[in-house]
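*Asks:* Fit chains B and C to the known structure of chain A by using the hints.
Listed below, chain by chain, are the residues.
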Amino acid sequence: MKQKIIERAKALLSSGEIGGFLALKQEGVHIAPHLFTDPAELDMLSLGDGQGLGDARYPLVKLLYTLAERFPQEKFGVMVRGCDERALNQLLKEDRACPMTAGRVIPVGFSCPEELAKACECAKPWPDAMVAGEKMEGFPPPESDMADLMAELQQWFGEADRCLKCLGCKNSCPVCVCHECTLEEEAMLPQRQLPPTPNFLFTRAVHMVDRCVYCGLCEAACPAGIPLKKLYRLVAQLVGQGIPLVGAAPRPQPQPAAQL
Amino acid sequence: MDYKSTLSVCPYCGCGCSFYLETIDGKLVGTKPSATSPVNNGKLCVKGWKVHEFVQSPRRLTNPLLRKNGELVEVSWDEALDYVADKLKKIKAEHGPDSIAFLASAKITNEDNYVLQKFARAGVGTNNVDHCARL
Amino acid sequence: MAGLAAAFGSGAMTNSIEELAGADTIFVIGSNTTAAHPLVADRLYRAKKNGATIIVADPRKIQLALTADLYVSQALGSDAALINGIAHIIIKEGWQNQQFIDDNTEGYEDFKALVEGYTPERTTELTGVSKQDLYFIAEKYAKAPAGSIVYCMGITQHTSGVDNVKSLANLAMLTGQIGRESTGVNPLRGQNNVQGACDMGGLPDVYPGYQKVDVPDNQAKFAKAWNAELSPKAGLKIPDMLTGLNDGSVKVLFVVGENPMMSDPDQHHVELALKKAELLVVQDIFDHQTAQLAHVVLPGASYAEKDGTFSNTERRVQRLHKAVEPVGDSKADWEITQEISNRFGYPMNYASPAEIMDEIAQVTPQYGGINYERLEGEGLLWPCPNQDHPGTKFLHAGGKFARGKGLFHAIEWRAPAEVVDEEYPLWLTTGRAHVHYHTGTMTRNSPSLHALMPEGFAEINPVEADRLGVSEGEMLQLTTRRGTIQAKAMITERVRPGMVFVPFHFMEACANVLTNPALDPVCKIPEFKVCAVKLDKAA
Chain A
1 MKQKIIERAK ALLSSGEIGG FLALKQEGVH IAPHLFTDPA ELDMLSLGDG QGLGDARYPL
61 VKLLYTLAER FPQEKFGVMV RGCDERALNQ LLKEDRACPM TAGRVIPVGF SCPEELAKAC
121 ECAKPWPDAM VAGEKMEGFP PPESDMADLM AELQQWFGEA DRCLKCLGCK NSCPVCVCHE
181 CTLEEEAMLP QRQLPPTPNF LFTRAVHMVD RCVYCGLCEA ACPAGIPLKK LYRLVAQLVG
241 QGIPLVGAAP RPQPQPAAQL
Chain B
1 MDYKSTLSVC PYCGCGCSFY LETIDGKLVG TKPSATSPVN NGKLCVKGWK VHEFVQSPRR
61 LTNPLLRKNG ELVEVSWDEA LDYVADKLKK IKAEHGPDSI AFLASAKITN EDNYVLQKFA
121 RAGVGTNNVD HCARL
Chain C
1 MAGLAAAFGS GAMTNSIEEL AGADTIFVIG SNTTAAHPLV ADRLYRAKKN GATIIVADPR
61 KIQLALTADL YVSQALGSDA ALINGIAHII IKEGWQNQQF IDDNTEGYED FKALVEGYTP
121 ERTTELTGVS KQDLYFIAEK YAKAPAGSIV YCMGITQHTS GVDNVKSLAN LAMLTGQIGR
181 ESTGVNPLRG QNNVQGACDM GGLPDVYPGY QKVDVPDNQA KFAKAWNAEL SPKAGLKIPD
241 MLTGLNDGSV KVLFVVGENP MMSDPDQHHV ELALKKAELL VVQDIFDHQT AQLAHVVLPG
301 ASYAEKDGTF SNTERRVQRL HKAVEPVGDS KADWEITQEI SNRFGYPMNY ASPAEIMDEI
361 AQVTPQYGGI NYERLEGEGL LWPCPNQDHP GTKFLHAGGK FARGKGLFHA IEWRAPAEVV
421 DEEYPLWLTT GRAHVHYHTG TMTRNSPSLH ALMPEGFAEI NPVEADRLGV SEGEMLQLTT
481 RRGTIQAKAM ITERVRPGMV FVPFHFMEAC ANVLTNPALD PVCKIPEFKV CAVKLDKAA
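Residue numbers (the working numbering), protein chains in the order written: chain A, 1 to 260; chain B, 1 to 135; chain C, 1 to 539.
Okay, chain A solo, but in the shape it has when bound (with noise of 0.2 Å):
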């Protein structure tokens, strides 16, 4: 699997069609974003797998966003999962500022293997651009009755009592790059108050709707263990969205969102 990302990636370096390619290093235990310009050292490329499956991952589509945003010339090429490719085509989709337009960024895929996908209840764990791995099946939560998702809300007004208010959930989130951030303006809400009051989760919920690509990379930055990615779903049902299967799903027509 590796070996392929790998030689894709040195193909795309050594021919000169991209000026650098987005990955994983691996350096003794631990792994970093790395932006490779040179071919030679692709082989300490790392697919995320710590100790545990996926469980190094980072926002690289976030990061790619940066760089091509301050490399205006240069093209890319970024190593993607079925959710970061999701996220590329998010930000291309809602972002008319997108620095990441397809001609400038060459997105190398690969899947997920079967019992990641299962864990991170992933509806399509493959990339469309993939160059090693098998499309399968999805494993998307069974969408859940009005009178169950009431319940459930109910439950999470007691989780904001854990927040730290770390921001670590916009902050590794792929999708989320605005320069001003509602959750972080006293006026929306009030900055000294540790714990938040449950606005502070709802408010980035709302944000989330239609555009979470389930990646879970904020639940793995949060430090209160709050399950993060099944609020954005829970949200998402409430005001009537579905769950996009992937980031450029069709956009339903909108729904008035009175039971929230």
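Treat the hints as calculated values from the structure; they're not laboratory data.
As the structure is a computational prediction, the values presented were derived from the model and not from experiment.
The beta-carbon is built from N, C-alpha and C at its ideal position, and this holds for glycine as well.
A hint or two may mislead.
Claimed, not checked - Just some of the chain B residues that point at chain A, by a computed CB distance under 10 Å:
1) N40
2) W49
3) R59
4) L81
*Replies:* Just chains B and C now, with coordinates in the frame of chain A:
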């Protein structure tokens, strides 16, 4: 096009979280919690996520300063270091080594602390070394 | 530090951070963990998820209280009474681990006799904690397969700080909750390298590795290693340095990476002392109040601009790598010291921090097996005495204490140095806010953190707000016997009626203008956590 991520350790609380400092062309641009750290496993607090911000602040001290006629003015390293060393020698000669005291720090590295206390003890000849551990 | 060292022979956190997630009962006292040590809070949350019982004792209803199975609000400064009261119940009910006590400790009989006097009735009277709650804590902690104690500055920053720590050590020995996985007495270090600064001999009475300066063998060892004559006399602690400046016996204060003008109690007193110095050198990364008084200011390099190591609260020595060049003409602190030393006449020629670590390993038994190559992984937890040693996850394994036998201390509760009266009728306590750190030199120079919390505040209960006719965000005036500050009111149930909380990060509303410089007699820690204050609506 120079992007680097460098493994570092947080200068704030005692948890000792580690993270990658991200630089583009020598400028710090971001912080990513190390997913392979046994301490923080890919997580950070609000301070940690922004820990790169103060490093290249325009308010950093960038030059040695020496008080002349009541004012702190910029001087060369040579002038500042000579001044300190001469003054230490003179005061040690007049008042003995125990008239000199050092505050080490809970914010500098082990190596920085080691060298400082070694200078106090072996150079100056005093055990007057403490730090804000209890503060 | 001094308290744990006296009881166990080592002042460090006994167990590692990750072990907390596996504990069955965790007793958190005097630690606002979610704000001050978020990644330890992460383990407490995980322990709770795994079914652990979390008990929180804090005068303020801190965030962790919301997750706790039991939260008790003990009176400010009543910690030793609370802990003795818990020990009383444990002994009375026969829940102590007699085998552990007999095999591994000494001083038990005196301790037992003393806590006899801390009946639930008396303890409740002193602490305000109910008998039922005392029993709950005693039973859950004593009977847990693995019980752990977590504490922080809420325990130590008192005139009885050392006693408080010794009391917690008593509790762990009484129940045998030490020397095993997920147990122990775990002080959370407030600053990132407090542990390292202590390990490296940044203390007046010990060389690196806690080797006493007044032991001739140690002196001989270091005199040889350092090729110098060494003073046999223990040096001055910070408060004594300030006193020395005042009385003229100390002429020079060389301050590296600290801002005593703001971090020490009773700021006015500190300022007077510093102004008397014949030479005040400040070496730091930002200008601050102490630097403004200095004769010489030397620009140091920050953590991101140098190689080196920090030792975290769990004794893990970790590598930091240079990410960027130092700003301007600033230099790493060790380089500056080396240059001064060379000019002073004591030659040093380290080429790199790695070389310094090699010397540290030679003279510091706990660091004997540590070098930069080995640190490239996940770091090493000391003691790590030799190259083949994997490091030490928890101390005092099997009840084999560093000092030999664990020592019980019979500790009477003592009232805080200053208590409320008619003139100063409210209790004042200080601490951290989640966005900021220490004196704010770093966090307040981080634009996004500054934006999140640009100014200080004072937490008061709605009862006090009503009494004063103050609403949220209005200015309060706080006055103690030391001084006066103004801060915006934050009205919250987190503090009880009769109590005020002020975070200590804000120079313009500086908590340490107010705090009491009364010191613990042993370790000279000031009583930051409690004093008497008068509250008015600002004119």
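*Asks:* Against this structure, judge whether each hint is valid.
*Replies:* Each hint tested on the structure:
1. N40: holds, 8 Å
2. W49: holds, 5 Å
3. R59: violated, 22 Å
4. L81: Nearest chain A Cβ about 37 Å off; hint violated.
Against the hints set out earlier in the document, violations occur for numbers 3, 4.
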